[in-house]
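So the protein sequences, as listed, match chains A and B.
Position 155, counted from 1, in the first sequence is what numbering that gives the first Met the number 0 calls 154; the numbers after and before it change by one each time, with no gaps.
Position 51, counted from 1, in the second sequence is what numbering that gives the first Met the number 0 calls 50; the numbers after and before it change by one each time, with no gaps.
Any given hint could turn out to be false.
No more than 27 Å apart at the CA atoms, straight line, and that leaves these computed lysine-lysine pairs for DSSO-like [what the hints assert, rightly or not]: (1) 190(A) - 100(A); (2) 193(A) - 31(B); (3) 194(B) - 11(A).
Worth flagging that the hints you see were computed from the coordinates, not collected in a lab.
Quick caveat, the model's predicted, so the values are computed rather than measured.
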Amino acid sequence: MIQNPTLKSTMKAWLYILPMMLIIFTFNLYPIVKSFAMSFYTDYNFYEDVVHAYGLGNFGMILQDSDFYLAIKNTFIFVLGVVPISIALSLGIALLLNQIKFLSGFFRTVYFLPFVTSTVAISLVWNWLYHRNYGLMNYFLGWFGIEPVHWITDPDYSMLALVIMAVWKGLGFNIILFLVGLNNIDETYYKAAKVDGASGFKQFRNITLPLLGPTVFLVSVLGVINSFKVFDEVYALFQAKPGPAKSTLTVVYYLYEKFYTEYQYGIAAAAGVVLFVIILAVTLIQFAYNRKFVHY
Amino acid sequence: MKQVLETPAGLPPSKRASWLLADAGMAEVMKKGLIYTALSIGAIMMLIPFYWMVVTSLKTPAEAVAMPPVWMPDVLQFGNYGTALEAAPFGQYFLNSVLVTAVSTIGELFTTILAAFAFAKMKFYGRSLLFTVLIATMMVPGELLIIPNFVTLSNFGLINTYAALIIPYLASVFSVFILHQNFVSVPDELYYAAKVDGCSDFRFLWSVMVPLSKSAIVAITILKVIGSWNSFMWPLIVTNDRMLRTLPVGLQAFTTEAGTKYELLMAASTLVVLPMIILYLFLQKYIIMGISRSGLKG
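Work out the full structure, taking the sequences as your base and the hints as a guide.
Okay, here's the thing in structure tokens:
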């Protein structure tokens with residue numbers, strides 16, 4: 000009873016998707032095109048939405064702006080810090096969780112907890128934990144004889160503070176994905192390995208890791224995409240500043256400043272386009288790497 | 000491990016120990032012990048910020064900045080919550096957050112259910128092309144859309160209104176995608192049989208498809224509620240009026256207002272975080288399911 004679409008069925012179906020399409024078109028599809036166009040607006044009257052001149056000037060501006068290079072550098076440091084650490088930790092925890100039954104639900108609940116909480120609220124808590132005189136972080140470091148660190152005010156430590164918090168917040172999400180991946184591995188591989196007398200490490204090296212390849216890939220792609228867009232954490236942890244001496248100025252923070260405090264719409268849009276191109280390029284590299292090295 | 004703990008309850012301790020060793024082997028017991036120790040240390044590190052938030056919110060100003068830290072205050076200062084609520088209009092912020100979250104969630108469910116049904120079961124021209132275009136938009140970072148969306152809303156004269164907080168979030172490609180997967184798995188025979196019996200598409204959708212996909216709908220609902228409740232950048236940009244602030248924006252503004260009164264800041268943070276934690280503890284099954292599904296989209 001497979002039918003071909005008719006004019007009538009098409010009109011009816013469009014009626015069903017119309018409410019969704021109105022919103023998605025206005026606030027998702029159109030703005031994608033518009034923001035690319037805006038990045039070429041060099042003389043723009045926002046109040047009347049009139050463009051007086053187009054050109055590549057905005058890209059020229061950001062490529063000469065040392066703040067923009069700093070933002071890109073900081074964002075890359077953040078991504079390279081958060082993604083590998085988070086993957087290693089969450090994979091380790093997922094492997095441990097997978098070997099126990101008693102309390103495993105409880106542990107999963109605990110590790111996932113930060114994910115559901117407001118980034119702003121939890122960043123304020125971390126700001127308090129990082130307090131140079133009264134923070135728990137420095138108190139614990141004191142046990143090991145380490146001098147108090149000025150986490151929030153020292154440019155040498157602010158990025159580390161941001162990375163630690165981001166890893167803590169995102170761990171649960173990755174653990175869930177790894178547990179799903181581990182669940183999908185056929186038990187018979189392990190049974191066969193046991194019969195052959197393979198050690199725990201050999202089983203991990205030769206069964207778990209290769210078969211978990213697609214999950215590791217997925218977690219790293221999602222992690223990279225999300226980490227490139229970091230903003231809320233920076234804004235709340237450093238109290239509406241991009242860190243001491245702009246040490247945690249990220250690309251989205253740069254975009255926010257150009258757009259919201261300096262009303263430089265074209266420049267902000269150009270920064271957004273560059274961010275999109277970077278994310279796309281990195282994701283494509285990951286896909287290419289995946290095709291070459293991960294076998295299903 | 001569960002069996003090990005349950006089976007020998009009736010035996011005397013000495014026998015129980017030997018039973019454990021005989022059954023699992025010393026190495027196995029040691030290994031489990033190490034696993035539980037590692038996981039417990041990790042769990043404590045995950046929980047310390049939450050504990051510290053709540054316990055600081057119940058301290059006197061002197062206890063909050065005491066060194067060495069006070070792990071449990073002598074008298075729990077529940078009054079801090081009242082003080083924080085009076086220091087800033089958190090009641091208003093809370094109502095705003097509830098309103099924005101509720102309306103955008105209900106609206107999104109409505110648009111999503113209709114659209115997912117059309118994509119899953121109805122035959123129409125342009126279906127696969129449109130669906131592909133929609134999926135592709137998920138690749139574009141939402142932050143890029145903020146500038147044109149701000150311009151659009153200000154052209155409509157909607158900046159600084161509830162509408163600006165709600166309207167852009169009345170639909171989501173992600174939700175349509177997740178629900179579409181579920182609707183597709185409902186057998187077509189059911190749909191055709193209902194049609195033969197004269198059941199309209201609309202009635203079939205609400206009385207058969209929706210109940211059959213309840214858990215997926217609950218999953219997208221909770222993920223939406225959490226996302227909406229915690230959303231920060233957009234509400235920060237489109238509201239200037241203090242009375243329109245949602246909780247995260249109000250809380251961020253409160254940091255400059257409260258200054259260094261950490262016990263009040265932590266009380267306010269607890270109030271923002273608590274509703275989502277309660278929701279999570281009751282409905283975590285669905286959240287985990289939603290995450291697993293979304294993860295599998297790749």
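Going down the list of hints, with the structure as the test:
In summary, the hint linking residue 190(A) to residue 100(A) is supported, as the alpha carbons are separated by about 19 Å, within the 27 Å threshold. With a C-alpha separation of about 19 Å, the suggested pairing of residue 193(A) with residue 31(B) holds against the 27 Å cut-off. With a C-alpha separation of about 15 Å, the suggested pair residue 194(B) and residue 11(A) falls inside the 27 Å cut-off, and the hint holds.
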